[in-house]
Amino acid sequence: MVELSQTVLLKAYRLMRTIREFESRVAVEFEAGTVPGFTHLYLGQEAIATGVCMHLTDADAISSTHRGHGHCIAKGCDVKKMMLELYCKRDGLCKGKGGSMHIADISKGMLGANAIVGAGAPLAVGAALTARTLGTPNVAVAFGGDGATNQGTVFESMNFAVVLRLPLIFAVENNGYGEHTGISYHLGAKDLVTRSAAFGMPAEEVDGTDFFAVYEAAGRAVARARAGGGPSTVVSVAARWRGHFEGDPQTYRDLAEIKELRKHKDCLKKFRQRVIADGSLKAEQLDAIDAEVAQLIDAAVNEAKAAPPPAPEDLTTDVYVSY
Amino acid sequence: MVELSQTVLLKAYRLMRTIREFESRVAVEFEAGTVPGFTHLYLGQEAIATGVCMHLTDADAISSTHRGHGHCIAKGCDVKKMMLELYCKRDGLCKGKGGSMHIADISKGMLGANAIVGAGAPLAVGAALTARTLGTPNVAVAFGGDGATNQGTVFESMNFAVVLRLPLIFAVENNGYGEHTGISYHLGAKDLVTRSAAFGMPAEEVDGTDFFAVYEAAGRAVARARAGGGPSTVVSVAARWRGHFEGDPQTYRDLAEIKELRKHKDCLKKFRQRVIADGSLKAEQLDAIDAEVAQLIDAAVNEAKAAPPPAPEDLTTDVYVSY
Amino acid sequence: MSKKSFRHAITEAIRHEMERDPRVIFFGEDIVGGFGGSANKRGASGGIMGTTVGLYEQFGEKRIFDTPISESAIMGAAAGAALTGLRPIAELMFADFLGVCFDQIFNQAAKFRYMFGGNAKTPMVIRMMTGAGFGAAAQHSQALWPIFTHIPGLKVVLPSNPYDAKGLLIQAIRDDDPVIFMEHKVMYDDMMEVPDGPYAIPFGEANVTRAGDDVTVVAFGRMVQFANKVADKLAGKISLDVIDPRTTSPMDTETIIESVEHTGRLVVVDEAYPLCSTASEVISIVAEHALKALKTAPVKVTPPHTPVPAAPGLEALYVPSVETIEKAVLKVMAG
Amino acid sequence: MSKKSFRHAITEAIRHEMERDPRVIFFGEDIVGGFGGSANKRGASGGIMGTTVGLYEQFGEKRIFDTPISESAIMGAAAGAALTGLRPIAELMFADFLGVCFDQIFNQAAKFRYMFGGNAKTPMVIRMMTGAGFGAAAQHSQALWPIFTHIPGLKVVLPSNPYDAKGLLIQAIRDDDPVIFMEHKVMYDDMMEVPDGPYAIPFGEANVTRAGDDVTVVAFGRMVQFANKVADKLAGKISLDVIDPRTTSPMDTETIIESVEHTGRLVVVDEAYPLCSTASEVISIVAEHALKALKTAPVKVTPPHTPVPAAPGLEALYVPSVETIEKAVLKVMAG
Ligand SMILES: Cc1ncc(C[n+]2csc(CCOP(=O)(O)OP(=O)(O)O)c2C)c(N)n1
Ligand SMILES: Cc1ncc(C[n+]2csc(CCOP(=O)(O)OP(=O)(O)O)c2C)c(N)n1
Ligand SMILES: [Mg+2]
Ligand SMILES: [Mg+2]
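Chains as they are written, first to last, in the numbering used here: chain A, 1 to 323; chain B, 1 to 323; chain C, 1 to 335; chain D, 1 to 335.
In case anyone wonders, no lab produced these hints; they're calculated from the structure. Bear in mind the structure is a predicted one, so any value in this text is a computation, not a measurement. Just so you know, even glycine gets a beta-carbon here, dropped at the ideal spot from N, CA and C. Treat each hint with caution, since some may be false.
Where chain B lies over chain D, by a calculated footprint (3+ residues, C-beta under 8 Å) [what the hints assert, rightly or not]:
#, stretch
1, 44-56
2, 91-99
3, 136-145
4, 190-198
5, 207-214
6, 301-310
Some chain A residues well away from chain B (every beta-carbon gap over 10 Å; in silico) [claimed, not checked]:
#, residue
7, Ala198
8, Asp210
9, Gly228
10, Lys269
11, Ala277
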C-alpha cells in the first residue's frame with residue numbers, strides 16, 4: 001500500500017464530502033419540490049467516483065450514468081454550475097437544457113450523465129480511441145452500474161476495447177440493485193469480476209465504501225492503460241442509500257438494511273476513522289472541510305433557486321452547429 | 001461414447017450429404033446466374049447443424065443465421081420447397097418473399113434464417129420461454145457464428161437465459177471468420193468457451209467437422225435443457241470452405257487453406273471412414289444415399305427453375321394478419 | 001362501471017386478458033419488483049408507474065416476471081415466444097429506449113409474417129411510456145410513434161383517455177399482429193368512467209371527440225385532450241370537429257377525409273417531432289385525397305425540430321398547448 | 001476531371017479529407033479486410049462494396065481499421081471520439097442494421113449538443129448502404145432515411161450521382177454535426193465526370209436536375225435518375241421540373257415551394273416506406289406553404305406499406321419505376 005500525501009487525502013475527503021453534501025441537500029430540496037425532473041442520488045457510493053477520478057486529469061474522459069452527480073463532482077465540475085443545472089437554470093452547466101440526467105462538462109472531460117442504461121460505455125470507448133489516435137497518454141473511464149452490465153452495449157464495449165487495446169477502465173459500481181431488482185437475480189454469472197475478466201482483461205473487485213481500496217485498484221488500472229497495457233475492469237461494491245430515484249418507496253427492500261449501511265458502510269466515516277487513527281490527518285482539518293462544503297452547497301442552492309431560467313428563445317438553439 | 005444405431009447413422013449421413021449436395025449445387029447455379037439475391041453457403045460446417053438438430057423434434061425450435069440452409073435441412077425442412085424459396089418462387093417455403101436469408105418453416109420449428117447478425121439469439125430465448133411457460137419438454141437452439149458472438153444481443157441472451165434457467169442451447173459455429181475478419185482479431189477473449197462459461201452456464205468446445213463429437217456434446221446440452229438444467233453453450237470449430245458469400249474473392253485468406261480443409265477437415269469423409277472402419281455401415285449403403293441425394297437435389301433445381309414466380313398481387317399480402 | 005384512472009384501466013385490460021387466455025404472459029424490467037431484493041418480496045412494486053400492481057400475486061412468476069436490463073433480449077424473447085405460440089406482452093419502460101432494441105421490433109417481429117410468406121404470426125404487444133411533461137428531458141420524454149408508424153408490419157396505438165386505453169389494450173392483446181402500445185406518462189392519473197368487464201375497441205377507427213363544422217382538428221394521444229379544450233373554449237364561435245385516430249397504423253384516413261370535406265379546414269396537433277411525422281402524414285393524406293375541399297392551408301401544431309429540453313419552462317413551450325392550438329385554429333379560419 | 005464511378009467518388013472524398021485533416025479517422029466492419037485472416041494481409045479487401053480500396057495502405061491502421069461485429073460500440077466509439085476532438089467516419093454496412101445501434105445515433109450523437117447546452121459538438125459521419133434492387137430482401141434493402149430525418153440533431157444526405165456523392169461526402173466530413181450519409185447500393189457502378197480535387201456541396205441546397213414548367217417532381221436519391229428519365233421521355237409534351245433535395249435534413253423547402261408555385265403540380269418520388277415518410281413530408285410542406293398554387297392533388301410515388309420482397313419480380317414492382325412515375329405525372333396533369 002502506498003502512503004498518500006496530505007494533499008491527496010484532503011482532496012479525497014473534500015470530494016467525498018462535497019458529493020455527500022450535494023446529494024443530501026438535493027434529497028431535501030427534491031422532497032420540498034424545488035428541483036424539477038427525475039433525480040438519482042449517489043449517496044453511499046462517494047468513494048467510488050472519488051477513488052477513480054483522483055487519478056484523472058481534465059484531459060482524461062469519463063462517461064457516466066443516470067446517477068451522475070458524484071462523477072461530475074469527482075471529475076472537477078463546478079458545483080455551483082451543477083446545482084444551477086439541476087434547477088434547470090440558464091447559467092447551469094448545460095444552460096438548463098440537460099438537467100440532472102444529462103449534466104456534462106466536456107472541458108473537464110465529463111462526457112455527460114446519461115439516461116440510457118449502458119450507453120456510456122461505447123462513448124468511453126470513443127474517448128479512449130481519441131487518445132490512441134492522437135498518441136496522448138490520456139485514458140477514459142466508463143462508469144456503470146451492476147444492472148447496466150447486462151446491457152449489450154457494455155459487453156460490446158468490453159470486447160471492442162480489448163481488441164483495440166484501448167486505454168479504458170470499466171468502473172463498475174455494484175450497489176446491489178438495478179431499480180427494484182437485486183443483483184442476485186439479474187446476474188446469471190458467478191460474479192461481475194469473473195464475467196468481465198472472461199472478456200480478456202484484468203479485473204478486480206474492491207470494497208466501494210473504502211476509498212483506499214478503490215483508489216489503489218483504479219490506480220493500477222489507470223497506470224496500465226496509460227502505459228499502453230489496454231483496458232481493465234474495477235468492480236466496486238457499495239450500496240445505494242436511497243431509492244432508485246427520489247420518491248421511490250423501496251418496497252422491495254428491507255429498510256433496516258439502509259440503517260446498517262449508514263452505520264457500517266459509510267465511506268466518509270471509514271475514511272475519517274482511518275486517517276485520524278493512523279495520524280495522517282487531524283479531526284479539525286476534516287471538520288473545517290465539512291464546514292466549507294456545507295457553506296458551498298448552501299450557497300449553491302440559494303443561488304440556483306434565485307437564478308433566472310432559460311429564455312424562451314433558448315428552446316430552439318444548440319440543436320446543430322449549423323443548419 | 002454411446003453406440004449409435006444404424007438408423008441414426010444413416011440419417012446423419014443423409015442429412016450431411018443433403019446439405020453438401022444442396023450447397024454445392026447452389027454454388028454452381030449461383031455462379032451461372034440462375035439464383036437471385038445474396039447467398040451464404042454452409043459447406044464445411046455440415047456436421048454441426050446435423051449433430052445438433054438430430055437431437056430435436058419438430059416441437060423444438062431453432063433460430064438461424066444468414067448462413068441458414070444447413071440448419072433448415074437438418075431441422076427437416078422440405079428440400080424442394082427450400083430450393084423453390086432460394087429461387088424465389090411462389091411455391092417456396094416463404095412464397096418467394098424471403099429468399100435465402102429468410103428461409104423459414106415454423107411448422108418444423110425452424111424460426112428463420114436471419115440476415116441480422118446476432119438477431120437469432122433473442123428469438124431462441126423466446127422459443128425457450130414458450131417451452132418453460134407451457135411446461136413442455138421442448139428446447140430451443142440458437143445457432144450463431146464466431147463473429148456474431150460479439151453482438152450485444154448474443155451476450156444479453158446468454159445472461160437472460162441463465163437468469164430464467166431456460167431450456168436453450170447456444171450452438172456457436174466457429175468457422176474462423178466473420179466476413180473478411182479472422183477470429184484471432186475480432187475476439188478479445190481467450191476463447192469462446194471461456195467467455196460463454198463466464199455467463200454462468202456449462203460450455204464446451206468440439207471439433208465441428210466430427211459429427212460424433214458434435215452429436216455427443218449437443219446431446220448433453222439438450223438433455224440438460226430438457227431436464228430443467230438450464231442453458232449451455234456448445235462451440236463447434238470448423239471452417240468455411242467458401243467465401244463469406246458467393247462471389248467473395250477471399251483476398252484476405254490463404255486459399256491453400258481451403259484445399260487442406262477439403263482434404264483433412266471434411267466431415268463426410270471423416271464420417272464415412274469411421275463408420276466403415278468400425279463396421280457400423282457399409283460403403284454401399286452410403287453410396288446409395290449419395291445417389292439418392294444427388295437425384296433429389298437435381299430434381300429440386302429443375303423444379304425450381306421451372307416453377308412460376310409469385311404473382312404481382314403477392315407483393316402486398318402477408319404484411320398483417322388483419323389491417 | 002366506475003371511475004377509474006388510466007393506470008387502473010391498463011391493469012384491468014392486462015388482467016382480463018391474462019385471465020381469459022393462458023398464453024398471455026407479461027415481462028419486462030421492474031414490472032413486478034422485488035426479484036432479488038432484500039425484502040425478499042416478489043411483487044413488491046408493480047411497475048415504475050404502478051400499472052401492474054396485483055398481477056404478480058394473481059398470476060405468479062411463470063406468467064409475469066422481471067428481467068435483466070437487456071431490452072434486445074426482452075423484445076426478441078417476446079417475438080420468439082409469439083412465433084412459437086404464446087401471446088406475450090413486453091414492456092419497454094420508456095419509448096426512448098427503443099434505440100437499444102429496435103432491430104428485434106422492426107426487422108424481426110414486424111417482418112416475420114411477410115418474410116415467411118404468411119406462414120407465421122407474431123401476436124405480441126410492446127407497452128411503453130411516451131411523451132414530455134415531467135421534466136425528464138431529452139432521453140425520457142420522446143413521442144417517437146412516427147418511427148413505428150413508418151414500419152410495415154407494426155400496428156401503433158395511442159390511447160387518449162382511460163376508456164380507450166382499456167379497450168385498445170384488450171384489442172392489442174387479442175390482435176394477431178405485433179402492436180406498439182404507447183402510454184403518455186402524464187395521463188396515468190386521468191380519471192374516467194370505465195366498464196368493469198372486458199371490451200375491445202377495434203383498430204383503425206377514429207373517435208370523433210367533438211363534432212363540428214368549421215375546422216377539422218386531428219390530434220394524437222394526449223393532444224386530444226388539449227384539442228377538446230380548445231373546442232369547448234371556442235364553442236359558439238368556431239365549431240371544431242376533433243378527431244382522435246386512436247391508432248396511427250392503421251390510420252382511419254376515411255374519417256379524416258370526410259371531416260375535411262365537410263369543414264374545409266385542417267389543423268393537426270401532434271407531440272412528435274415535426275419532420276416525417278404523423279402530423280405530416282395526415283396533411284399529406286388530406287392533400288392527396290381532399291385537396292379541393294381545403295379552403296385554407298392546413299396547419300401543423302407540433303414541437304420544433306429540437307430534442308426535449310429539461311427546463312420546465314422550455315418544456316411547456318415545447319409541447320403543443322391549448323394556446324398554440326387555438327392560434328392555429330384562428331389562423332386556418334382567417335387564412 | 002475524369003469519368004469516375006460513384007464508388008470511386010466516395011473513396012476520393014474520404015481520401016481527400018483524411019489527407020487534409022489528421023483528426024479524420026475511419027472504422028467499421030470489413031472496411032479494410034484481412035485483420036486476422038490467414039493471408040496475413042491487412043488491407044486485403046477494401047470494403048464489401050470496394051469503396052475503401054487503397055485507404056489502409058495510405059493511412060495505416062491507426063486511422064483506418066476493422067472492428068468486431070458490434071455496431072453499438074462502433075457508433076458510440078464514433079460519437080465519443082467526436083466529442084473528444086476527432087472527426088470520425090463510421091461505417092454501418094447496411095442501413096438496415098440501424099436497429100442494433102440506433103440509441104448511440106439518435107439519443108447520443110444527435111442530442112449531445114442540445115442536452116449539453118451548446119457546449120459540445122459531435123462532428124461525425126455515418127456511412128451506410130441503402131435501398132432495394134439486388135434481391136437482398138427485407139433486412140438488407142431498406143431506405144429508412146425518414147427515420148433519421150425525423151430526429152432533431154441529425155443531418156441526412158442522399159446523393160443521387162457520383163459528382164454529388166463526392167461533394168456531399170466532403171461536406172459531411174467537414175461538417176460539425178453528426179451526418180447520416182446514405183449510399184444506394186445499386187449506384188456504385190454509375191459513372192460520371194467528377195473533378196479530381198476536393199470540393200464541397202453545401203447541405204440544404206436542392207439540385208434542379210431538369211427545369212420545367214408543368215409538373216414539379218421531387219425525387220430522392222436513386223429516384224432522381226428515374227425522374228430524369230421520365231422528364232426526358234415526356235420532353236416536348238409535358239415539361240417537368242425535377243428537384244433533387246440532396247439532403248432531407250436540412251431540406252431545401254424553398255426550392256420546392258418556388259417550383260410548385262411555378263408549376264402548380266406536384267409528384268413526389270421516394271423509395272422509402274410510405275407512412276410518416278419523406279414523401280409525406282414534402283407534400284405536407286407544399287400543402288402548408290403553397291396550397292393555393294396547387295392546381296391538382298399532389299401524388300406520392302412510393303413502395304406500398306410492406307417489407308421489401310426477395311423475389312426479383314416483386315422487388316421490381318415494389319420500387320418506384322419510370323412507368324409508375326410517368327403514370328403519376330399524367331395523373332396530376334389530368335387531375
Ligand atoms: C436502456 C435503458 N433501460 C432501462 C432504463 C431504466 N433504468 C434506469 S436506471 C435503471 C437501473 C440501472 O441499474 P444500475 O446500472 O445498477 O445503476 P444504479 O441505478 O444502481 O446506479 C434502469 C433499469 C434506462 N434508463 N435505459
Ligand atoms: C447486425 C449486423 N451486422 C453486420 C452484418 C453483416 N454481416 C453479415 S454476415 C457477417 C459475418 C458474420 O460472421 P459469423 O457470425 O462468424 O458467421 P459466418 O458468416 O462465419 O457464418 C457480417 C458482418 C449483418 N448482417 N448484421
Ligand atoms: Mg445498481
Ligand atoms: Mg464465422
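These are the hints, each one checked on the structure:
1. 44-56: holds (count 3)
2. 91-99: It holds, with 3 qualifying residues against the three required.
3. 136-145: holds (count 5)
4. 190-198: With 0 residues in contact (Cβ-Cβ under 8 Å with chain B), the coverage given for the stretch 190-198 of chain D is violated.
5. 207-214: violated (count 0)
6. 301-310: holds (count 6)
7. Ala198: Incorrect as stated: the minimum Cβ-Cβ distance to chain B is 3 Å, not above 10 Å.
8. Asp210: 26 Å, holds
9. Gly228: The assertion about Gly228/A holds, with a minimum of 16 Å to chain B.
10. Lys269: 35 Å, holds
11. Ala277: 39 Å, holds
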